[in-house]
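Keeping their order, the protein sequence lines are chains A and B. With this note's numbering applied, the first sequence corresponds to residues 1 to 277, in that order. With this note's numbering applied, the second sequence corresponds to residues 278 to 554, in that order.
These aren't lab readings, by the way, just hints derived from the structure by calculation. Careful, some of the hints might be misleading.
What the hints assert, rightly or not - Simulated crosslink set (EDC-like; lysine to aspartate or glutamate; CA at most 20 Å straight-line):
#1 B:471 x A:247
#2 B:539 x B:491
#3 B:539 x B:445
#4 B:539 x A:247
#5 A:262 x B:524
#6 A:194 x B:445
Claimed, not checked - Across the chosen pairs, the derived CB separations fall in these ranges:
#7 B:311 x A:229: 44 to 54 Å
#8 B:324 x A:147: 28 to 38 Å
#9 B:537 x A:48: 48 to 58 Å
What the hints assert, rightly or not - Derived, one-sided and incomplete: chain B residues facing chain A with beta-carbon distance under 8 Å:
#10 283
#11 489
#12 491
#13 522
#14 525
#15 528
All C-beta atoms in this analysis are idealised placements derived from N, C-alpha and C, irrespective of residue type, glycine included.
Number of protein chains: 2
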Amino acid sequence: MTIPTKYPIMAIGGAEDKVGKLEILTAFFKSAGGQQATIGIVPCASQEPSVVGARYYRIFTELGARSVQILNIRSPQEGDESRWIERLDTCTGVFLSGGDQVRLFDFIHNSTFMMAIMQRLHLGSLVLAGTSAGAAVMGEKMISGGSSGESPNRSLVDLMDGLGIIPELLVDQHFHNRNRMARLLSAIAAHPDKLGIGIDEDTCAAFRGDGTFEVVGKGAVTVIDPRALTHTNYPLSDGISPLSLHDLQVHILSAGDRYDYKRRSIHTPSVEMASPV
Amino acid sequence: MTIPTKYPIMAIGGAEDKVGKLEILTAFFKSAGGQQATIGIVPCASQEPSVVGARYYRIFTELGARSVQILNIRSPQEGDESRWIERLDTCTGVFLSGGDQVRLFDFIHNSTFMMAIMQRLHLGSLVLAGTSAGAAVMGEKMISGGSSGESPNRSLVDLMDGLGIIPELLVDQHFHNRNRMARLLSAIAAHPDKLGIGIDEDTCAAFRGDGTFEVVGKGAVTVIDPRALTHTNYPLSDGISPLSLHDLQVHILSAGDRYDYKRRSIHTPSVEMASPV
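Could you build all of it, start to finish, from the sequences and the hints given here?
Structural data, given as structure tokens:
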């Protein structure tokens, strides 16, 4: 079954509204099929998966999903257990909660569960959303930790492999909220083949499945494009000396803006989008 | 008298080292003539001008300046008093302390004192340095206040006129340290004819008087160039809605990097710089 979904992948910058208009969670709910949706919550990034799982369970149930499941994978081994695969098979949407992205990665990377998610995404029969840690894991490389309040430098960011759901992206979250420009810049200096995406809280990079994403929610998505980078001192820098990055292209995108991350350019509305509904 | 100075204007991002190698303060001291320097400290941005003045007095005296004066202008009226102009006439370097840039602006803008500084800068017979608030006032427009931790938006930044020492710049300081990327972006959205310069703590944009500056000190200088801006929603945005800024050019510059703010490009070392000394 291919579901006609608006946003097959949603990367949320954390702290999405859960008590007001629920704009982002509603967009996910609708993308997953609305009242026909079966939603699987993966709370395993959190140290309190029961609490987190229960909270999203209540939200998606109240929004009117046909069914909501908590896929509480509790160890790397469980990621291969058939009970989780069977439940995943019934889902039209999977929601990765916040918490620790390393924990999330450890529990599901290379698992049968993860392979099944990738297959379903490929077939266009699943919507995948991740918030905070759940967004951090989207790229082939991920920011596993770091600090803030310093000039960009190597030691400001810890990097490791991510789940590779959208391989070309390097995602950071709680972006302007937690002063993470310098850490994303430091990450891009390490991986200038990637595209940096900094997502603010209660804000979502909503991917349309055609190489573009649009911005949904309250804040901004910051794009750091190093494609035209002319110089970085990264290869020569030690841990704490400040980094140079010359000739970056940066976009600040807000609600309704759309970006083509395959072509690395702002997506201009086409004729059919501009016509009246 | 024209003094052969390396850096006629120095914009320091605040919190410059005062107890270690004093790299930035020494560069200012040397630019102002070293042991031949007469340095005037303008502490009037501070609410505690005596304390601040005394601290810099001690530093520049210990560095070996021939003379150090504290130009403690205490009101807008005092900026026209001949005693300060007379003392200024003897100075080869003037140092604007940190504090509140609005207070500094109020005390000296349109004053005889400020006109004398501009004239001396024009003649090439004075070095002017400003740290924190003293750097903020450099542009024709200045950031007078604001907040952080939000997506770029109109209400994140307060803007007013600056002293116009380098009119085309819009300067922010304590930059990555205090999470000010979003506020400088918001300021640039309001004034896209300006060039945004975000200076980190213990870091200096040291202007050479030829339309270029180089970076001195511990951190980075972030350049936000909106010259190729293709879109901003600023004119239509209300106070708190997130801003869009498409197609910014951004440079992260660190020690030794040099930028041509007239041509808006990285300054490439010329032959005479590359040759052995």
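Hinted contact residue 522 (chain B) with chain A - closest CB pair below 8 Å: 4 Å, holds
- Query: Per the CB criterion, is residue 528 (chain B) less than 8 Å away from chain A?
  - Reply: 5 Å, holds
- Query: How about residue 489 (chain B): closest beta carbon in chain A under 8 Å, or not?
  - Reply: It is violated, given that the least Cβ distance between residue 489 (chain B) and chain A is near 14 Å, above 8 Å.
Q.
Need the status of pair residue 194 (chain A), residue 445 (chain B): alpha-carbon distance at most 20 Å?
A. This hinted pair is violated, its Cα atoms lying about 33 Å apart.
Item checked: Holds or violated: residue 539 (chain B) to residue 445 (chain B), with C-alpha atoms at most 20 Å apart -> 9 Å, holds
Handout entry: Distance restraint between residue 471 (chain B) and residue 247 (chain A), which requires alpha-carbon spacing of 20 Å or less
Key = Holds - the C-alpha atoms of residue 247 (chain A) and residue 471 (chain B) are around 18 Å apart, at most 20 Å.
Quick one, is the residue 525 (chain B) hint okay against chain A at 8 Å, beta carbons? 4 Å, holds
Q) Once the shortest beta carbon distance from residue 491 (chain B) to chain A is found, is it less than 8 Å? A) 12 Å, violated
Hint consistency between residue 262 (chain A) and residue 524 (chain B) [alpha-carbon to alpha-carbon, up to 20 Å]: 16 Å, holds
- Message: Looking only at beta-carbon atoms, does the pair residue 537 (chain B), residue 48 (chain A) fall within the given range of 48 to 58 Å?
- Response: 53 Å, holds
Quiz item: Given the hint that residue 539 (chain B) pairs with residue 247 (chain A), does the C-alpha gap stay at or below 20 Å?
Solution: 16 Å, holds
Quiz prompt | Interface hint outcome for residue 283 (chain B) [beta carbon to chain A under 8 Å] | solution = 21 Å, violated
Hint violations for this structure: numbers 6, 7, 10, 11 and 12, all remaining hints satisfied.
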